[in-house]
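S.K.: Each chain, written out:
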Amino acid sequence: MTALLRVEGLGKRFGGFVALEAIDLDVQQGERLGLIGPNGSGKSTLVNCICGTLRNESGRVRFGEEALDGLSAHQRTRRGLARSFQLPRPFGSLSLIENVRIPILYTVNARPGAGVGAGAIETRCLELLSQVGLADKADLRPRDLTQIEMRKLELARAMATDPKLLIADEAMAGLSHAEVDEIIALLIRLNGQGVTVIMIEHIMRAVMEFSQRLAVLVAGRKIADGPPQEVVRNPDVVRAYLGE
Amino acid sequence: MPFILILIAIAGAIFAAGRWFGSSYAFFMGYVVLQYIVLGTAWNILGGYTGYVNFGVTAFFAIGAYSTVVLNKLVPAMPLPLMILIGGAMAGLVGLGTGYLTLRLRGVFFSIATLALAVVVQTLITNWDFVGGARGAYVLRPRIAPLIGGEYVQYLFLIMLGLCVIVLATARAIERSALGYGFAAIRDDEGAAEASGVPTLRLKLIATGLSGGFMGMAGAPLPFYVTYLDPASGFNLNYAVNAIAMPLIGGTSSWLGPVVGAILVGGLQEYLRVTISSAVNVLVAGVLMVAFVILAPQGIVGLFQRKKR
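Chains as they are written, first to last, in my numbering: chain A, 1 to 244; chain B, 1 to 309.
Excised from the complex, chain A in its bound form (with noise of 0.2 Å):
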């Protein structure tokens, strides 16, 4: 079995500090694993590594049966990878139907084959906000939004591009106990349906309830990857989120 995506010793610096050092990951089609790590320890520069929005310096990402170096970040995107940003980046002046719109034009509609015609375009708009429960908000702008409307957003957009890969950049932070589930249930869903998830969070609570496997970086070196229930259980990982 071939992994879906394959990050070989990649590597990564900002002058001085080294953000990432030789990190290997694969992640199975199919997969939902879990990226955690304390703050800083690398987690959205591996992401940002992956998706081409920074390049690395060394190593390789290979996505299916192809070499995604040198790709700029929308033709990651086209090619089916799709992320969430951690802190909303919505397109403010437009509504939310079309936010949703810019990725099905751009991703879907750009690919070889059919893609959504210009009647069904708008239903399946509606479709995706619904999925995130944002159907009936679907003529705002994200500033008459709360910050968490805005993550599902993010979501509903990285979805609207039909991924094999989605990675969720701490889609959580800040939601309550009951949307949390609601967030977890939708990604689970998705999953359900042959999207391979990578879920980066903070809270433990999901982490642990949706992932199959858990990778943990600590000072931009991964230092643990496996079964969940094993992983948090390892030295390791136990002091580096709670000390000696």
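If you are wondering where the hints come from, they were derived from the structure by calculation, not from laboratory data. Every residue gets a Cβ at the ideal spot worked out from N, C-alpha and C, and that includes glycine. Treat the hints with caution; some may be incorrect.
A few chain B positions that, by computed beta-carbon distances, are all more than 12 Å from chain A [as the list claims (entries may be wrong)]:
1) Ala16
2) Leu105
3) Gly107
4) Trp128
Short derived list, chain B residues pointing at chain A, Cβ under 7 Å [to be verified]:
5) Asp188
6) Glu194
7) Val198
Guided by the hints, dock chain B onto chain A, whose structure is given.
M.R.: For chain B alone, coordinates are given in the frame of chain A:
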């Protein structure tokens, strides 16, 4: 394409009214307003839709104008529409080049680079003897308009009317297409646009090329309008100020904004030029621009859209 038919019908009606009115002053004045509709709409494709504020309007405008000066010297028999196409292509290429060189610059840094471009182009033209250098160049305006007869200014007016139709139809088509959504995504958040699959680099090049090309087309008939072109008039700051002020006053979100702005500000300036003095018109653009940026940042069209909601 009913929209373009409506535009053509309106343009035809305007021209017929002008002929019936029969005053050459009306054509001279109308030409200026039409020129600003083209210029403002061209600016808005990059500045309003894509969010890249271009202060170097005069560079593109003057490239169009001076390419006509060159062509008129080399091939005096060349018809004006062809000169406009060539001038537009030249300015469009410079637009592409500018876009390519300034890709990494965002916000105010891009604007400063475009300002520098205007200075560079003006310096080059001022030192180019073939087009008259700092002395300027005379361009003989034919007495009689080709095809339609009557004074030549009527022909210039008609040409500019045609450009308006083309530019407005293009702007509206962009707004309703995937391209327009891509431009808006770039304006709002370039990183998020990339993550949504928008090829930001290619779209920015399309915007700078189109915008520069249309500005060049707006400038190409100018030598025949003024009959004497020197760098000080071709690169006049008025063009840049008006091309930015008119979309901002009219509203940058829709093709209608620059039209409303050009008619309002251009008309007002012309009125004041005749009744008070020729210097006051720059003041009008400046004061109105400041007032609108503070009080109605969405412009006049934005005000009405908000009421409708």
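S.K.: Beyond 12 Å from every Cβ of chain A: is that where the Cβ of Trp128 (chain B) lies?
M.R.: It holds; Trp128 (chain B) is separated from chain A by about 39 Å at its closest Cβ, greater than 12 Å.
S.K.: Just double-check Leu105 (chain B) for me: nearest Cβ-Cβ distance to chain A has to come out over 12 Å.
M.R.: 18 Å, holds
S.K.: Can the hint on Val198 (chain B) be confirmed by a CB-to-CB distance to chain A that is less than 7 Å?
M.R.: 5 Å, holds
S.K.: Against chain A, does Gly107 (chain B) hold up as non-interface, every C-beta pair farther apart than 12 Å?
M.R.: Holds: least Cβ distance 15 Å, greater than 12 Å.
S.K.: Beyond 12 Å from every chain A Cβ: check whether that's true for Ala16 (chain B).
M.R.: 37 Å, holds
S.K.: Holds or violated: is there a CB of chain A closer than 7 Å to the CB of Glu194 (chain B)?
M.R.: Given a least distance of 4 Å, the restraint on Glu194 (chain B) holds.
S.K.: Given Asp188 (chain B) as an interface hint, is its Cβ closer than 7 Å to any Cβ of chain A?
M.R.: With Cβ-Cβ at 4 Å, under 7 Å, it holds.
In summary, this structure violates none of the numbered hints.
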